[in-house]
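Peer 1: The chain contents come next:
2 protein chains.
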Amino acid sequence: MIQGFNPRTGKPAGEPVAETPGADVDAAVAAAAEALPAWAALADEDRARALEAVADALDERTKELAALADEETALGDTRLTGEVGRTTGQLRLFAGVLRDGRYHDVAESPAGGGIPEIERISHPVGPVAVFAASNFPFAFSVMGGDTASALAAGCPVVVKAHEGHPSTSDLTAQIAQQALASAGAPAGVFALIHGVDAGLQLLKHPDIAAAGFTGSTAGGLALAKICAEREVPIPFFGELGAVNPVVVLPGAATQRGADIATGYAGSLTLGAGQFCTNPGLLFVPAQDEALRGAVADAVTESSGAPMLSERIYSGYEAALAEIEAHPAVTSVAAGTTGEGPWGATPRLFATTLEEFAADTEVLAKERFGPAGLLITYPSAEELLPVLAQLGGNLVGAVHGDPGDQADLATARQVIAVFQRTVGRIVWNGWPTGVAVNAAQHHGGPYPATTAPATTSVGSAAIRRWLVPVAYQGLPAELLPAQLAPAADEG
Amino acid sequence: MIQGFNPRTGKPAGEPVAETPGADVDAAVAAAAEALPAWAALADEDRARALEAVADALDERTKELAALADEETALGDTRLTGEVGRTTGQLRLFAGVLRDGRYHDVAESPAGGGIPEIERISHPVGPVAVFAASNFPFAFSVMGGDTASALAAGCPVVVKAHEGHPSTSDLTAQIAQQALASAGAPAGVFALIHGVDAGLQLLKHPDIAAAGFTGSTAGGLALAKICAEREVPIPFFGELGAVNPVVVLPGAATQRGADIATGYAGSLTLGAGQFCTNPGLLFVPAQDEALRGAVADAVTESSGAPMLSERIYSGYEAALAEIEAHPAVTSVAAGTTGEGPWGATPRLFATTLEEFAADTEVLAKERFGPAGLLITYPSAEELLPVLAQLGGNLVGAVHGDPGDQADLATARQVIAVFQRTVGRIVWNGWPTGVAVNAAQHHGGPYPATTAPATTSVGSAAIRRWLVPVAYQGLPAELLPAQLAPAADEG
Chain A
1 MIQGFNPRTG KPAGEPVAET PGADVDAAVA AAAEALPAWA ALADEDRARA
51 LEAVADALDE RTKELAALAD EETALGDTRL TGEVGRTTGQ LRLFAGVLRD
101 GRYHDVAESP AGGGIPEIER ISHPVGPVAV FAASNFPFAF SVMGGDTASA
151 LAAGCPVVVK AHEGHPSTSD LTAQIAQQAL ASAGAPAGVF ALIHGVDAGL
201 QLLKHPDIAA AGFTGSTAGG LALAKICAER EVPIPFFGEL GAVNPVVVLP
251 GAATQRGADI ATGYAGSLTL GAGQFCTNPG LLFVPAQDEA LRGAVADAVT
301 ESSGAPMLSE RIYSGYEAAL AEIEAHPAVT SVAAGTTGEG PWGATPRLFA
351 TTLEEFAADT EVLAKERFGP AGLLITYPSA EELLPVLAQL GGNLVGAVHG
401 DPGDQADLAT ARQVIAVFQR TVGRIVWNGW PTGVAVNAAQ HHGGPYPATT
451 APATTSVGSA AIRRWLVPVA YQGLPAELLP AQLAPAADEG
Chain B
1 MIQGFNPRTG KPAGEPVAET PGADVDAAVA AAAEALPAWA ALADEDRARA
51 LEAVADALDE RTKELAALAD EETALGDTRL TGEVGRTTGQ LRLFAGVLRD
101 GRYHDVAESP AGGGIPEIER ISHPVGPVAV FAASNFPFAF SVMGGDTASA
151 LAAGCPVVVK AHEGHPSTSD LTAQIAQQAL ASAGAPAGVF ALIHGVDAGL
201 QLLKHPDIAA AGFTGSTAGG LALAKICAER EVPIPFFGEL GAVNPVVVLP
251 GAATQRGADI ATGYAGSLTL GAGQFCTNPG LLFVPAQDEA LRGAVADAVT
301 ESSGAPMLSE RIYSGYEAAL AEIEAHPAVT SVAAGTTGEG PWGATPRLFA
351 TTLEEFAADT EVLAKERFGP AGLLITYPSA EELLPVLAQL GGNLVGAVHG
401 DPGDQADLAT ARQVIAVFQR TVGRIVWNGW PTGVAVNAAQ HHGGPYPATT
451 APATTSVGSA AIRRWLVPVA YQGLPAELLP AQLAPAADEG
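If you're matching them up, the sequences are chains A and B in order. For the first sequence, our numbering gives the first residue as 1, with consecutive numbering after it. For the second sequence, our numbering gives the first residue as 1, with consecutive numbering after it.
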């Protein structure tokens, strides 16, 4: 049985949920495979309406969903209400992507060299397995971005629920299934399963064609390995760990150090720091003592919150113990501990660039929670090679004074490094807060993701679930509908 | 030392070439990493001109290149001269892709929800390792499609030469390097290495960001495993094995059985059958004895040719021995054996759909060479589920009578199966002969490729070497040049 817990009390939240038996996992995948032709063949407009029906149905139950999720996650009503809205916004974004139609990636080349004309269009890859995340019980969970984008692409989806919010997952799935059925979607187009064993069985099922995952580096790597070692390997789109370096340049530190300090503490402690975009590393000019003091003060004044689970809390405590014991690191600030047995304490540590560079294996690793490491750098020349050696990250941020030519010159160099090491570059802002739109790229080199060319947020997320097929010399009557009119003209 | 051989005689061709020492492999990768910023920053027009300079230089030496390659491959002057043209055509195609500019995949989203505007553009993934193929000494080798598309994307390339044509590889590399240098490309943007150990070292090098491969399923899987198990895993774009099913429908068999028979034998024996697009499986209506006889006659009248190497020849002989020994298979035709010690004999085998379905593990596997398996099917109803169970293929072909409604109805069903199982669907044609253009998709589900969303032929091949970066809130002066004008307007 899978039991959710209330992070504010550590006590069980709601009734336990049964792990999905093996036979039911097989049945869910079989139903997904059977739904594939009908769901894939649905006109864009019809699939768009089905996604909107799910969005409408979730919106209608926002209060209930947010209240249930608050029981299981303690993320609070404001955040959770907003997250339901973000989730339904994602579903509607993909409805728009379908109506726009460019996602089909149509190309046409005339006959030549003895070969008839060729038309290309993308098709859904097949039934998709989605592994839900703990830290976004809606937006990266049952009906989150992976599910929305895969359904939009024409792929049936089987979601493996996260153990942290089983009841929220069940209610979301139930609402979505009813809405999909009412909108005329084929049965089997969406299913939810529970349990680690069920998830592994899902991933190994021969009818699963691709998988999406958001979570830890260790967990993601284990699943990636399974995908690579299947008899038929499948693409694995994993969003794993990130520490998201933030670089403050001297001009900005002088110009608005206080704002930067409070901005950093806010981004660091948002959601108890349980974001893949959490700014774990803050690089500040060594000469600017005022900024260091301001950041320490801001973290001291900040508040923690209950972490999502005992496991995440233990992991955070272990990470704190490791960095506290590090001889080259000093602990410079601690905020107010969050409520409950798993309440996180915001922490700020400090070290020098030299010490940091000497042990990036420990110091540059992700500490999932509100723990920041402030690194003082003596000069841009010394900073740049250290930045370049960091692993891949979802986000890199630079703070500079737009009127300071020295800041701008260094910013250009920092951006040049980030272009090869992060998925998103932020100017005078913070990594947390991921816009869901057409230009978004929520990705980055490993370990940020296992598929650096793809994004798990925004319109382009649909591309992960599409594979092209070229049609050579087919008469209009045999071509897919989207290609036929052009073939008629030819 | 690596020694090329003349397949017409089995005797050494040219001088042996030294395996690249480990230190030189490291130096080549280091030079590629150093060349990356300058090559990536080059304007599209300048990179286009560099590719055209390579194309011009290769074209100028076509005769010499083809003659040298003929010594090492025995593919013949006509084919090899044409292949140099295809290779330089590919380089010019990518010059056109650069000038077109859409490959940058630019997207812009306005500010919203407290988040500033976001612009996205793609950047080169980094230094790329390319593993050359044996069967196309130019078009899938040193300056072949993988290299051309990666260079176009802004990625420096280190090619591991195929052992089958070391001298051709060296001459190609020498011409390309001179042309690149004359065109102002940074030193290190392109290098060639020799030897299996050198290739493995290349693939494991931390500065290599992605790899392309065309070759056998076993070889490709081994390299894919290395990529997945690196400390930092990298994307591996492998084009592996394919048997490329051809389905002849009853109307077409009646209407033009003789044409189909000669067409099939021609496609099967082209280049001694050493193509990844070779039509290994021919499904014909059981009731049409005339077609079976015509195909057998056409194969009997066909001629083999020297295979590329002793190893490929032995592999072909072993595959023939296996299928000849199969109790459910009969040998129905043999053509004229090709010249030399490694001369292939075109062969045609036959079985029934039922027997085929009972042992696809042996019968549906790739036999690299001019060996076809003719499978008689009693009805479309029985054929479709067997087709659906085949592994992924680069190509699937259907022959039907466009005026025959029964053929068209069955063709629709076959195409629906192929949409999920092949990368390219051909109507009334043959899988061999791959157009290099914007709509081409040379890919397909595993084992055809390890990355089913990507193509290794045609304009879209450039996408394999690009990764997006999102820019959030950057002033125009800090944005990449291609994004800056739009930012000025906003």
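Keep in mind that a hint or two might mislead.
Claimed, not checked - Straight-line distance between alpha carbons at most 30 Å, and here's what the computed DSS-like set of lysine-lysine pairs gives: (1) B:Lys11 x B:Lys225; (2) A:Lys365 x B:Lys365; (3) A:Lys225 x B:Lys225; (4) A:Lys225 x A:Lys204; (5) A:Lys204 x B:Lys63.
By construction, these hints were calculated from the structure, which means they are not laboratory data.
Peer 1: Of all the hints numbered above, which does this structure not satisfy? Sort the numbers upward.
Peer 2: 1, 2 and 5
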